[in-house]
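J.: All chains, full assembly: derive it from the sequences and hints.
One letter stands for each residue in the lines below.
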Amino acid sequence: MSSLAGHQPRRGPRSILPWLAVPALVLFTGFAVIPLVGVFALSFTTWDGIGAIHVSGLTSWRKVLTDPGLPHALGVTFLVMAVSWAVQTPLSILLGTFMAGRQRYRAVLGVVYFVPLMLSSAAIALAYKALLDPNFGLGAGLKIKTLSQDWLGRPGLAFAVVVFVVSWQFIPFHSLIYQGGVQQIPKSLYEAAQLDGAGRIRQFFGITLPQLKYTIITSSTLMVVGSLTFFDLIFILTEGGPGDATRVLALDMYKRGFQASLMGPASVIAVILVLVGLALALLLRRLGGRDAGASQLEGV
Amino acid sequence: MALSRRTLLGVAAGVPVSAALAACGSSGPGSGGATTYWYLNGQPQEGVRAGAVKAFNKAHPDDRIKDTTFQNDAYKTKIKTAIGAGRAPTIIWGWGGGTLRTYAKAGQVEDLTPWFEEHPEVKKRLLPSSFAAATVDGKIYALPGETVQPIILYYNRKVFDQVGVKPPESWDDIMALVPRFNAKGIAPFSLGGQSRWTNMMWLEFLFDRIGGPELFQAIIDGEKNAWSDPRAIDALTKVQELVKADGFIKGFSSITADSNADQALLYTGRAAMMLHGAWSYGIQQARGGNFVSSGGLGYMNFPPVEGGKGDPGNTVGNPAQYLSLSSKASADQKKTAKEFFAKGVLQDAEVKSWIDNGSVPIRLGTEKLLAAAKNADFLEFTYDVATKAKTFGQSWDQALSPTAAETLLDNIVKLFQRSISPKQFAANLNAVTSA
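The listed protein sequences correspond, in order, to chains E and W.
Taking UniProt numbering, I'd label the letters of the first sequence as residues 1 to 300.
Taking UniProt numbering, I'd label the letters of the second sequence as residues 1 to 435.
Be a bit skeptical, because a hint or two may be false.
Stated by the list, open to error - Covered stretches of chain W, going by a simulated chain E footprint (3 or more residues, C-beta under 8 angstroms):
1) 121–134
2) 139–152
3) 256–270
4) 325–338
5) 411–420
Keep in mind that the hints were calculated from the coordinates and are not lab data.
Just so you know, even glycine gets a beta-carbon here, dropped at the ideal spot from N, CA and C.
T.: As structure tokens, then:
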């Protein structure tokens, strides 16, 4: 890569640049680093959230790590992560590629697809809960048998609904990322392929997908790490139920901490959540190859 | 670079939930300023509570109370967080029992025993049975208020007539009614199972009717393996038999009580019966069109179980609602709150509003008012159930500590889904309630 130094204006902006990071850093320290330290400290205590905090060493850790609820919650979390990734990624790539076209009707559709992203998760969850109500919902209202299932009352169905709603909410966002990615691909590649006689499908698999490699990694990181924090949506839709069929780690943490008044074990789960998130982010970075700055456009 | 942006992203993504939850407390009032009072929303109860505050504020323009309302299930979490963060409202609305005990043990609520000694007239005008859940180790930590709410077996008379059956007089009758209603495509029982405490009411009655109040008392007292008592296992098995026989509405696991959908099922005739608190009467009256006024709603105490030793007159539910005083409040706030306790709570106008809305206030000597009320039949029935019961059991989730209550509610859901057996249920709970 060529050096950017030559394009940079001299003194002024360069000395200001680090200061521009200060607001973000202050917010990040206040809302992420400090609570993180607090949570870590709390994980070695016994506290009901109301009375005095007692230091209790590894009691909370032992309690959580031997609880069969933990592997279950971890399993549900990873399953939601994997299935929602597998549903969202292909659909987002296809939609993104479609929206990248310059035709006007595609731009209009792009705006329509964008709508779910503008709604709050809580509103989405409440709307779906009402629509899926087995007695007063859409299926019962329209008298359609297949639609009046016990959507949120049966473990498998409830899980599928959670994945569906999550995908419905976030596919627009990821499509947008892919749209940007596709528009970055040089036209010349397609022109060359066309001259060589490659069809549209061949072009998609031969050019578009490989060129989107880094976009896929970025979008997957956001999906995977973001799925660790699904809370509001699941909390309102199913409260982790039926039973504990959709009880993801974040929900388990909330239930232990704020409903069962076990702040120690809840903090342990919070620490586990952070560790899992970090590990996943690092892993995905590795998958992206050693040199993430390497160009995909060699020789263009 | 040691920390990449993605690493930071990962950290940031993991934290917001806890950070956001911790931040919840910050919206509460501090220890200075106005006297604050948090309570539950939802009509018609919300209107009565707000009315009492409004009347008090009108009479005390210089010591006004600022009230804020919350949804039932959300409030249970919110209030705990606020108290833990030292940002409790001056007046804490609650259910007494195990949660109040936690507050009292942590020194978060004021001991009101001396205040009651100074104001004997307040204690004298309230139902004596309402004080048990306000008392921790012999000291009174809350003022009982509002209404007595036994759990009642409601039924839809129109549906019963349509199918040609009579209300159940025993557990066997209940089991015999189930196939009759199912055959007509009507759910025997409505149930808002996602709210969890709704399922719990079934166990409360079955435990009492089969084993008497001693059975649950042994659990409260922390006796070892109290849940494994054969009578307890019998009650747990009976409830699973009812689930298995399709006794509850299809999809009960995803119905919430906060949305009143369970009650809508009863007044729209999709379900024949429902076990619910006395407060449900007012809701059905307000939302059910002419269902209540046309005599569609029937009600009775839970029937006896064959061979059980519990008195069929016993009941369970909320003996009252409770107002505590935050010990963190300023002297001025406490003064205003105590003035409200003495002159603002359960005054004549509030008593009348409760009665008009179909509830029985815990003030003594209201028989005449009840008899003259629009809903006299139901009110006198509730008053009789509440005052004549040999034992008025407090709702389990309120009687137990919050930690034990959470395990209880979680396992109750699994029991109703039949994903655990009665024996597993008992083992899971013995682990948290044995002292």
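J.: Which of the numbered hints above does this structure break?
T.: 1, 2 and 4
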